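**Student:** Below are the chains, spelled out letter by letter.
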Amino acid sequence: DGGITQSPKYLFRKEGQNVTLSCEQNLNHDAMYWYRQDPGQGLRLIYYSQIVNDFQKGDIAEGYSVSREKKESFPLTVTSAQKNPTAFYLCASSIVADANYGYTFGSGTRLTVV
Amino acid sequence: GQQLNQSPQSMFIQEGEDVSMNCTSSSIFNTWLWYKQDPGEGPVLLIALYKAGELTSNGRLTAQFGITRKDSFLNISASIPSDVGIYFCAGPYLNNAGNMLTFGGGTRLMVKP
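As given, the protein sequences belong to chains G and U, one line each in that order. Here the first sequence is numbered in our numbering, starting from 1 and rising by one per residue. Here the second sequence is numbered in our numbering, starting from 1 and rising by one per residue.
This is chain U alone, in the form it adopts within the complex:
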C-alpha cells in the first residue's frame, strides 16, 4: 500500500498546551482521515477531509487537508488528560481488491496534568 509518514512519533506535553501533528505522503490522496485510539481500545474516527485546503473542526480538534494533497495536519487546542492516546492518519488507495485504507504509524500523545 501507499506509505503515510506521521510526525512526531510521540509527544509529551503539559495540560493546557496546544498540540500539532502532521501526516505526509509521496502520493496524492483525495481523502484524509484522522483517528484516535484510546489505550486498550480500537481507533475511532475523529475527522474526515475530502477537499484540498479544507479546514474542519471537531470541538478542540482542527484538521486541514493540505493544498498539495500530499499532507494533512491535526491540531488540538488546550489539551486535557483525556486527549492521551495514539492519533492515526489514514487515506484510501486503490489496489486490485478495491478501495483500501492505508494508515500512518501514529503519533502517541501523553499529557501531564
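This is chain G alone, in the form it adopts within the complex:
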C-alpha cells in the first residue's frame, strides 16, 4: 500500500544534540513538507520541497535543516540551535502544484528534549 512513513514515533534528545527525523513516501509525490505542532496548537510549516535537490524555508525554519536527495525521502534535522524543540513533528507529501487535492500526512514523531 502507498503511504508516508515517519520514524521513529517517539524520540528523546539531550540538550545540545542534533537529531534527525525520517520521512519516506512511496506515493510518487513530488512535493514534501515538514510541520511542527505544539500541544493544543495548529500546524506550523518548517520547510518544504517541491522537487529533488531543492527546498524552501517555511514560517519557522530557524534551528532546523533538511535535505532532498531522493524523491522518496525528506529528512528533518533538529539542530542544537532550536531553543525549544520539544513538539510533535508531521511530514506530508502532495502532487506538486496541486494542493487542491490535499496533502497526505505521516503519523508523526514526538520529540522530547530531556
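Treat the hints as calculated values from the structure; they're not laboratory data.
With a cut-off of at most 20 Å between alpha-carbon atoms, the simulated EDC-like pairs for lysine to aspartate or glutamate come out as follows: (1) Lys51(U) / Asp98(G); (2) Lys83(G) / Asp38(G); (3) Lys9(G) / Glu41(U); (4) Lys83(G) / Asp59(G); (5) Lys9(G) / Asp38(U); (6) Lys112(U) / Asp18(U); (7) Lys9(G) / Glu24(G); (8) Lys70(G) / Asp30(G); (9) Lys14(G) / Glu62(G).
Computed, partial: chain U to chain G, Cβ under 7 Å: (10) Thr31; (11) Glu41; (12) Pro43; (13) Leu45; (14) Pro92; (15) Met100; (16) Gly105.
The structure presented is a predicted model; accordingly, all values stated were derived computationally and were not measured. Beta carbons are placed, not taken as given, at the ideal position from N, Cα and C, and that holds for glycine.
Given the structure of chain G, go ahead and fit chain U onto it with the hints provided.
**Tutor:** Relative to the frame of chain G, chain U by itself:
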C-alpha cells in the same frame, strides 16, 4: 500565507449530540478541505469541496462550501466517542513556490460518553 480562522477552538459535548464548526477567511478560496487528527496521529482528509454552495457528506459528516467562497462549515451528526480529535480546515493558495495549503488553527472536539 492566507489566514483561516476556525471556531470554536474547542468543544466538549455529550455523546449523541450534533456538532457544528466553521472556517472563515478574508480571501476567496476555490477549494476547501477538512481534515481530522486523531490524538497522537497525523491528520487525515475527510472531505474536499470544490464548488461554491456544494454540500458533501461522508457518513455522519457533512461539509458545505460557503456561497461567498470565504467560509466553509463542517457538521457531525449523532457524535460518538471516536469523533474525538482536532478538526482542521485547509485551502490552497498561490505563492512564489506554487500551490500551497494553508490550515486553520483547528477545532478540538471532546465527547463525553
